[in-house]
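J.: Here the protein sequences line up with chains R and Z, keeping their order. UniProt numbering numbers the first residue of the first sequence as 1 and each following residue consecutively. UniProt numbering numbers the first residue of the second sequence as 1 and each following residue consecutively.
Keep in mind the hints are simulated off the structure, nothing from the lab. Do not rely on the hints blindly, as some may be mistaken.
Given that identical chains are not distinguished, each listed pair holds provided it fits within a single copy or across any two copies.
Said to hold, decoys possible - Cut-off 30 Å, straight-line C-alpha distance, at most; resulting in silico cross-link-like pairs (DSS-like, lysine-lysine):
hint, residue 1, residue 2
1, K77, K57
2, K122, K77
3, K57, K122
2 protein chains.
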Amino acid sequence: MAVSEVRAPNVNRVDCPSRPVLEHVTSRWGVLVLAELRDRPHRFSELRRAIGGVSEKMLAQTLQTLERDGFVDRDAKPVIPPRVDYSLTPMGREVAEQIWTLTRWVEANLDGVFAARETYDKAR
Amino acid sequence: MAVSEVRAPNVNRVDCPSRPVLEHVTSRWGVLVLAELRDRPHRFSELRRAIGGVSEKMLAQTLQTLERDGFVDRDAKPVIPPRVDYSLTPMGREVAEQIWTLTRWVEANLDGVFAARETYDKAR
DNA sequence: TCCGTACCTTACTTCAAGGTGGGTACTTAC
DNA sequence: GTAAGTACCCACCTTGAAGTAAGGTACGGA
Chain R
1 MAVSEVRAPN
11 VNRVDCPSRP
21 VLEHVTSRWG
31 VLVLAELRDR
41 PHRFSELRRA
51 IGGVSEKMLA
61 QTLQTLERDG
71 FVDRDAKPVI
81 PPRVDYSLTP
91 MGREVAEQIW
101 TLTRWVEANL
111 DGVFAARETY
121 DKAR
Chain Z
1 MAVSEVRAPN
11 VNRVDCPSRP
21 VLEHVTSRWG
31 VLVLAELRDR
41 PHRFSELRRA
51 IGGVSEKMLA
61 QTLQTLERDG
71 FVDRDAKPVI
81 PPRVDYSLTP
91 MGREVAEQIW
101 TLTRWVEANL
111 DGVFAARETY
121 DKAR
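Turn these sequences into a full structure, and let the hints steer you where they fit.
T.: Quick look at the structure:
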C-alpha cells in the first residue's frame with residue numbers, strides 16, 4: 001500500500017468533493033437542463049424556452065457549472081448574431097440518462113405522491 | 001376523448017406539480033437520506049451520524065417532506081426513550097435505487113470531473 | 001441532583017440562490 | 001428609425017434555504 005492513504009470518495013463525508021458535484025447535477029435547474037439536453041443539442045434561447053421559469057442568469061450560471069464539471073459541451077460560433085450550441089459530453093450523457101429516468105419516474109408516479117400526501121395530511 | 005383535457009405531467013412546465021416532488025428527492029439532504037436508507041432502516045440519530053453535516057433540524061424537515069410524499073415510512077414506538085425507525089416505502093425504494101446509482105456514479109467519476117475542471121480553468 | 005440520550009420544535013440569524021433591470025454589439029424585419 | 005432577436009455579463013436587491021442555539025420531555029445512570 002502507498003504511504004499516503006487515498007480515501008475513496010464518499011458523499012456522506014462533509015468534506016468529500018463529490019458533494020458539490022452531486023449538488024450541481026441535482027440542482028434545481030441542473031436537473032432540467034441535463035434532461036432537456038438528453039435528446040438533442042440546444043441553443044441557449046432554445047433551452048430557455050424549453051425550460052419553463054428559468055431566468056437567463058440562472059441558465060447561464062447552470063450551464064457554466066455543468067460545462068466546468070465536464071458534463072456539457074459549449075460550442076460558440078463566432079458569428080453575428082451569436083450562435084452557441086450546448087450538448088452533452090460522453091460523461092454528461094451518462095448522468096443525463098439517469099436524471100432523465102428519474103424525472104420520467106416522478107412524472108409517472110405523481111398520483112402515488114398525491115395519494116400519500118392525502119393520507120399524511122388527513123392523519124393530523 | 002374526455003371533455004376536460006388532462007395534461008400529462010411535465011417537469012418543464014413552471015406550474016407542474018412534479019417540480020416540487022423532484023426538488024424534494026434531489027434536495028441537498030434528500031438525496032443523502034434516500035441513499036442511506038436504501039440498504040437498511042435507520043433510527044433518527046443513526047441517520048444523523050451517518051450523514052456528515054446534517055443538523056437535527058434539517059434532517060427532521062427532510063424526513064417529514066419525504067414521508068409526506070410517500071417515500072419514507074416513519075415508525076415511532078411509544079417507548080421511553082423514544083425510538084423512531086425510518087425506512088423506505090415501496091415507492092421510496094424505487095427512487096432511492098436511482099439516487100443511489102447516481103451517487104455511486106458521481107463518486108466513481110470524480111476524477112473525470114476534476115480533469116474537466118482543470119482543462120476548463122486553464123483555458124482562461 | 002445533574003448529566004446524558006433520544007427526537008424533535010421553535011426562534012433567531014446568516015448566507016447564497018435567484019429575480020430584476022441594465023448594457024453590449026450586431027442583424028434583420030417592420 | 002426603431003423594435004426585436006441573439007447570448008450573454010454585471011450590479012443590486014429580495015427571498016428562502018439552511019445553520020445555530022436553545023427548549024422540552026421522559027427516563028436511566030453517576
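J.: Quick one: which hint numbers does this structure break? Sort them smallest to largest.
T.: none
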